[in-house]
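Required output: the full structure, derived from the provided sequences and hints.
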Amino acid sequence: MKSLIDIMDLSVRELDELTDTALDIIAHPDQYAHACEGKKLATLFFEPSTRTRLSFEAAMYELGGHVLGFSEAASSSASKGESVADTAKIVSCYADIIAMRHPRDGAALVAAMNATVPVINAGDGGHCHPTQTLADLLTIRREMGRFDHLTIGLCGDLKYGRTVHSLVNAMSRYEGVRFLLIAPDELRLPEYVRRDVLDAKGIPYTVTNDLDGAIPSLDILYMTRIQRERFPDQSQYERLKDSFVLTPEKMARAKDKMAVLHPLPRVNEISVAVDQDARACYFRQALNGKYMRMALILKLLSQADGAPAITLPEGLSGDHRCKNRRCIVQTEQELPQRFVSSDGVWRCVYCETAAE
Amino acid sequence: MKSLIDIMDLSVRELDELTDTALDIIAHPDQYAHACEGKKLATLFFEPSTRTRLSFEAAMYELGGHVLGFSEAASSSASKGESVADTAKIVSCYADIIAMRHPRDGAALVAAMNATVPVINAGDGGHCHPTQTLADLLTIRREMGRFDHLTIGLCGDLKYGRTVHSLVNAMSRYEGVRFLLIAPDELRLPEYVRRDVLDAKGIPYTVTNDLDGAIPSLDILYMTRIQRERFPDQSQYERLKDSFVLTPEKMARAKDKMAVLHPLPRVNEISVAVDQDARACYFRQALNGKYMRMALILKLLSQADGAPAITLPEGLSGDHRCKNRRCIVQTEQELPQRFVSSDGVWRCVYCETAAE
Amino acid sequence: MKSLIDIMDLSVRELDELTDTALDIIAHPDQYAHACEGKKLATLFFEPSTRTRLSFEAAMYELGGHVLGFSEAASSSASKGESVADTAKIVSCYADIIAMRHPRDGAALVAAMNATVPVINAGDGGHCHPTQTLADLLTIRREMGRFDHLTIGLCGDLKYGRTVHSLVNAMSRYEGVRFLLIAPDELRLPEYVRRDVLDAKGIPYTVTNDLDGAIPSLDILYMTRIQRERFPDQSQYERLKDSFVLTPEKMARAKDKMAVLHPLPRVNEISVAVDQDARACYFRQALNGKYMRMALILKLLSQADGAPAITLPEGLSGDHRCKNRRCIVQTEQELPQRFVSSDGVWRCVYCETAAE
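Here the protein sequences come in this chain order: W, B and X.
Converting from the first sequence to this note's numbering requires adding 40 to each position, the first position being numbered 1.
Converting from the second sequence to this note's numbering requires adding 40 to each position, the first position being numbered 1.
Converting from the third sequence to this note's numbering requires adding 40 to each position, the first position being numbered 1.
Don't read these hints as lab results, they were simulated from the structure.
All of these numbers come straight from a predicted model, not from anything done at the bench.
Watch out, some of these pointers could steer you wrong.
Which copy is meant is left open, so a pair is good if it fits within one copy or across any two.
[Claimed, not checked] Straight-line distance between alpha carbons at most 20 angstroms, and here's what the computed EDC-like set of lysine to aspartate or glutamate pairs gives:
id, residue 1, residue 2
1, K290, E372
2, K241, D317
3, K281, D250
4, K281, E122
5, K295, D259
6, K79, E354
7, K339, E396
8, K129, D315
9, K363, E396
10, K241, D188
11, K129, D317
Here you go:
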């Protein structure tokens, strides 16, 4: 692995190695304080994200390295129409590793195809956000002591939440895992995730809209935000929203060792009063994200070889165009369209949207 | 002291210590060049301020530390509705000390109640800006050699200028100080500052709108900007503005050793021609601000203990709401309202506005 | 030389020294890794430019120094109306050297007149951008092995492209250089550049709008972008634009050793397919820019002496005002107007626009 675009780029063994490295950093921070001396991380944030960006910057500083970059597209040459490919090529002259957030699905893959330094996907539109999943995984390991035999409740917006989809993917590789999918009908886990991941691997799951009823059986409760804009009918939103807010009252019904996770930022889906509860792990989760990013930077820098990290896969090309309007192929100059088949479905290589 | 929210958090003795440290840094910069090695300062600027932010960053670099952060709210998660409390908690995972500027009165206090690292208030709305006052104080000490027995002219907008109020507070603790309050009638020093500080401590002061007449008696002239927007009647502004512009002609009437201070940025209230005058101290004042911030960072890091810096004071709560529309309590999620009494007046703990 | 405002501030000998230093840095990077330890570069970007800013930041980090600054005017005190002069004076308190980009012609000169540290012009409006020319020159030296006896094609927008004008100026000092000026009629090299530089020095040049015909004779092809907005008649733009796009077909007609340069960002004036061609130097050019900026920072820091770098030249003053609406004299507080004569033409000292 020379870049990280999707959490599934990492094998279970590689995930274990990253987690081990993170735990070693936590135990012996001084041994890593100069590990990246003289190295530079570029944080290319085409859309703002304090937490993720500052976490990467803190990670690089704690490894003894430098950081440069931008925090929004307006401060970058993208406002002059520069392609992601050109930005990746040029920033490879200035930095040893790149962390990139971009509003378009597939942008990180295009960067990795063109950069001559490792690229970390820090979020590409609604597609992937693998370092959030790394933070989630280290939190599960530290709080529960294991990845297997866990009952995981996913609560809130399971339809659009990319961190939820990645976590389902990542955790579905461990034994004895089962899911409770707790969401309003409008925001259920997409059919293709259930079919391609859960059903395909024979993983048990329950679909419900009753957080109160689900909470007693959970080892892990992964909360996400429900956005008002997702509901065409506002009265429906008003009627539903409180059922998916985590309160001390709901926490009283949960196991003593349940861990509450949240990718943050939280708006009001977890009451501030829950923060005092020892089972509230979401701020420790932010800290874990920093350690996993340190481990990832170390791993990728140790494997860098000066060649583009990723080559465009062979596959179907021709006149077909990806129909996902948020896909990078819609805006990037002279980017070849390409589809690859998995399980009989042809999908765009950049955004994984199924071709018609 | 584990955080600095208001200049009055510092005792006279602590102020003296900070000033001594700053003077020692000026004399022996090399001895401090690695004092903060491996430490990280987060500059969280929810509204822009070049001077203050760059001064903090330069300070941290000259101590051998790192800096991360953001320079405007649009680059931060605040644009997703995250609370100040959550931001403070999370940034505590990434940095060893926080300098925060925020448009809401009381925001720095809320940050200090939630952060597990020291918080420096780099300006909270119209409320406080204590590190500017530290810059002012070091400048007075270096230019005049003392804090006591000084005649201080405050000129310009004395009504809204928070740095003026803080300086009045800070200097009123020294012996033999007297003030000339030089302002148009519309922008006089607020009644409560005069009553609660000057009258309460028996400090002599004169109210005037005649800069020309006042200048010969001054040891210190503290200039501030008069903003056109403050005047409902524009013809009134036009008629007045030149009386409060400092020119070489006015300087000719001042003492040989008078020191001219200004918090900057200056627009046109001091003529550029005055810059050549040896008594113009405002650029040296900016340099002094850097040294005081170095001293402050050192002091707070030496006292950090991993616990929130400040606990919400006991006091009156209940159904009362702060009526200050710029107070942080109006926007922060689930922030308890609290009033405390000083001198028989109940004031909001966050913004110090008197309850009705 | 204590600041770099215009490429012509550098003698041929100084350019050779800078180039030699850059080549030595490339050969022995470790010997420079701590050259600027404890020094701070301020990047003051009043308008965004990823490439230039990140290149300066990477340069300073590779010299072991620190970087602070801002990446757009909205994050700076300029939004409060602060003058360039005051910003330069204050930032001199916080940094050891300044790199400044500003939308106004002449802004860098005003900064250098007021700063007490060296100032590098990183672009002042449409006026100068000397470090881009440094990148161009190192690329020519590395790709061709020499500066003299070269046939240089300049293609695209020769009217508004400031990097083109600077390159003509810089290269016109070497023997045996000739130019092919390849542009649509609307975007030809300005008359005054041809007259004052090429004709004055007796340098041969050909004016053409035929890239296809010109390409076989070139040693260097310097491409620039043609902006749609430059054409009053859009149908004219549509008819012309493809003639000035570099494609593999056009490259097939060029010399085996021709070097293609471009200041970047590229939009579509060079086909992405050309990137694979070994003669495409524009990404190496970006890398060369970093090395020349390292050499320049080293040179200027070694010559810094704490005094303003530049004094306002004597010359004609009085009631004349510069008629260039983009000149810094139009907005800067109390900036004296001054004209100096070169070859019988009186020009504004800030923007070099001829007086009427």
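Verification of the hints:
{"no.": "1", "hint": "K290 <-> E372", "result": "neither (47 angstroms within a copy, 23 angstroms between copies)"}
{"no.": "2", "hint": "K241 <-> D317", "result": "neither (35 angstroms within a copy, 47 angstroms between copies)"}
{"no.": "3", "hint": "K281 <-> D250", "result": "within (12 angstroms within a copy, 61 angstroms between copies)"}
{"no.": "4", "hint": "K281 <-> E122", "result": "between (42 angstroms within a copy, 18 angstroms between copies)"}
{"no.": "5", "hint": "K295 <-> D259", "result": "within (7 angstroms within a copy, 69 angstroms between copies)"}
{"no.": "6", "hint": "K79 <-> E354", "result": "neither (34 angstroms within a copy, 47 angstroms between copies)"}
{"no.": "7", "hint": "K339 <-> E396", "result": "neither (38 angstroms within a copy, 60 angstroms between copies)"}
{"no.": "8", "hint": "K129 <-> D315", "result": "between (44 angstroms within a copy, 11 angstroms between copies)"}
{"no.": "9", "hint": "K363 <-> E396", "result": "within (8 angstroms within a copy, 58 angstroms between copies)"}
{"no.": "10", "hint": "K241 <-> D188", "result": "within (15 angstroms within a copy, 69 angstroms between copies)"}
{"no.": "11", "hint": "K129 <-> D317", "result": "between (47 angstroms within a copy, 15 angstroms between copies)"}
Hints 1, 2, 6 and 7 from the earlier list are contradicted by this structure; the remaining hints agree with it.
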